[in-house]
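*Asks:* Now for the letters of each chain:
2 protein chains.
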Amino acid sequence: MREVLAQAAFQLFLERGFERTTVDDIVARAGVGRRSFFRYFPSKEDVVFPDHERCLAEMTEFLAAVGDEDPVGAVCDAARIVLRMYAADPEFSVQRYRLTREVPGLRTYELSVVRRYEQTLAGHLRGRFGTDRDGELRAEVIAASVVAAHNNGLRLWLRSGGAGDPEEAVDHALDLVRGVWEQPAGPSPAREKPALPATAGASGVTAGSGENEVIVMVAAKGTPMWRVVQQIEAAVGEG
Amino acid sequence: MREVLAQAAFQLFLERGFERTTVDDIVARAGVGRRSFFRYFPSKEDVVFPDHERCLAEMTEFLAAVGDEDPVGAVCDAARIVLRMYAADPEFSVQRYRLTREVPGLRTYELSVVRRYEQTLAGHLRGRFGTDRDGELRAEVIAASVVAAHNNGLRLWLRSGGAGDPEEAVDHALDLVRGVWEQPAGPSPAREKPALPATAGASGVTAGSGENEVIVMVAAKGTPMWRVVQQIEAAVGEG
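Protein sequences, first through last, are from chains A and B. Numbering of the first sequence is given in the working numbering, commencing with residue 4 and proceeding in unit increments. Numbering of the second sequence is given in the working numbering, commencing with residue 4 and proceeding in unit increments.
Because the hints were derived from the structure by calculation, they are not lab data. It is possible that some hints are incorrect.
What the hints assert, rightly or not - Over 10 Å on every C-beta distance to chain A, these chain B residues come out as not near it, computed from the model: (1) 15; (2) 17; (3) 25; (4) 33; (5) 68; (6) 76; (7) 93; (8) 133; (9) 139; (10) 168; (11) 180.
What the hints assert, rightly or not - Derived coverage of chain B by chain A (criterion: at least 3 residues anywhere in the stretch with Cβ under 8 Å from a Cβ of chain A; other residues may be distant): (12) 49-60; (13) 140-152.
Using N, Cα and C, we set each Cβ at its ideal position, and we do this for glycine too.
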């Protein structure tokens, strides 16, 4: 029933525009009563985004169950829950993307949903960083970065018409954020093997072993900070 | 006239709520005609945020005139234009903050304004990074980080009731983002003097001089990436 209503609404939005479609039009097309509509959707906007509530709930549940050791990695993984929702129905997601770009009311609605995802991620990080210096600040900046990176990868896929696997672009985008903000855990076997990246601008090596292991980083002064970070990450085997 | 209308609207929103106040109520309180209202404000929401359009225009103008050498610094400075707008009228800003938190319609409107600031900053960075690898991605992530950092500092000040100078908190927040993302320019006199931070986790020194200057960074492996970045920044004299 939910899907039938969403399908009907979507057809109508595409045929006559979002603003000129009423809930009565939608229920007529779907062949059900008004009450059925409002049982499933609080408003006309919610028809366009039928899965965000479920997705937010899933994200909250995931973060409540996740361990403490890698909070930045955890919020990146939590963001991937949203990606999977989009990827589950490429045609619907692409249609919605086009519709949303054309209808200001839907764009604003989408912004408020995105904000709720961001606040969920920030809330998790605040809980993990809470007592650290700048904990709240870092929580909010990292959450915003993760959302921006996720949306960049997702948008690439949507713009391409939903062809192929969106995960690659999103993983790449999230890795950039993770590389900058991640708090490394203790040494792991993967990190024992030093990597020597061949980039001209910066190079990093690991020396020693175990708990006392250090990173020695040498970079030309003009090297951009994000590249320095990439190189350090590569050297410690997290690239 | 604009201020008179904004004042009247605000009093009414506080007295009877935003939703139950009409434009007619506002013009009656201000003692002017409906047409005057719409000459200044496209909608009731715009009364609550009377300066954002001007502020967006100022931001765009500022970024169009700014040099190429420090794009991340430039968008941080652009964000400070918004801060100054809030700081110019602490009482109004604090009242509005409280009102906005209580009225969903205003929150959504504010989100769309914030999104426009973010897109303005991202557009500037895209123009600067355009041909770089991951240029668009970095532009969007940095813009989102700058906005989140700015809003974190601003919110601290608003929550405190608008007491004191908000610039300190915002500067501190923006410095965190800048430290992570800034692309250093060529050597400057300020950077010739190496700083040796006393933090246990990480230390950085600069060696050599002029164009061939390098950063040597030594850090214990468990050091969080953001602290490494802070230390490198401190070492190159930008902390």
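*Asks:* The structure should be examined with respect to each hint, and the outcome stated for every one.
*Replies:* Results of checking the hints against the structure:
Distance check for residue 15/B against chain A: the nearest CB is about 24 Å away, which clears 10 Å, and the non-interface claim stands. With a minimum CB-CB distance of about 23 Å to chain A, residue 17/B clears the 10 Å threshold, and the non-interface call stands. Every CB of chain A is more than 10 Å from the CB of residue 25/B (nearest about 21 Å), matching its label as outside the interface. Separation of residue 33/B from chain A is adequate, the least Cβ-Cβ distance of about 28 Å exceeding the 10 Å criterion.
At roughly 24 Å from the closest C-beta of chain A, the C-beta of residue 68/B stays outside 10 Å, upholding its exclusion from the interface. At the 10 Å boundary, the C-beta of residue 76/B stays outside the reach of chain A, the nearest C-beta of that chain being 12 Å off. The beta carbon of residue 93/B is kept farther than 10 Å from every beta carbon of chain A, the shortest such distance being approximately 22 Å. A cut-off of 10 Å between C-beta atoms confirms that residue 133/B is not in contact with chain A; the least separation is 15 Å.
A beta-carbon of chain A comes within 10 Å of the beta-carbon of residue 139/B; the shortest separation is about 7 Å. Annotated as non-interface, residue 168/B keeps its C-beta farther than 10 Å from every C-beta of chain A; the closest such distance is 17 Å. At roughly 6 Å, the least C-beta separation between residue 180/B and chain A is not larger than 10 Å, which violates its mark as non-interface. Counting residues of the region 49-60 of chain B whose CB lies closer than 8 Å to any CB of chain A gives 0, so the stated coverage by that chain is violated, three being the minimum.
Given a C-beta distance limit of less than 8 Å, the hint that chain A covers the region 140-152 of chain B holds, as 10 residues qualify and 3 suffice.
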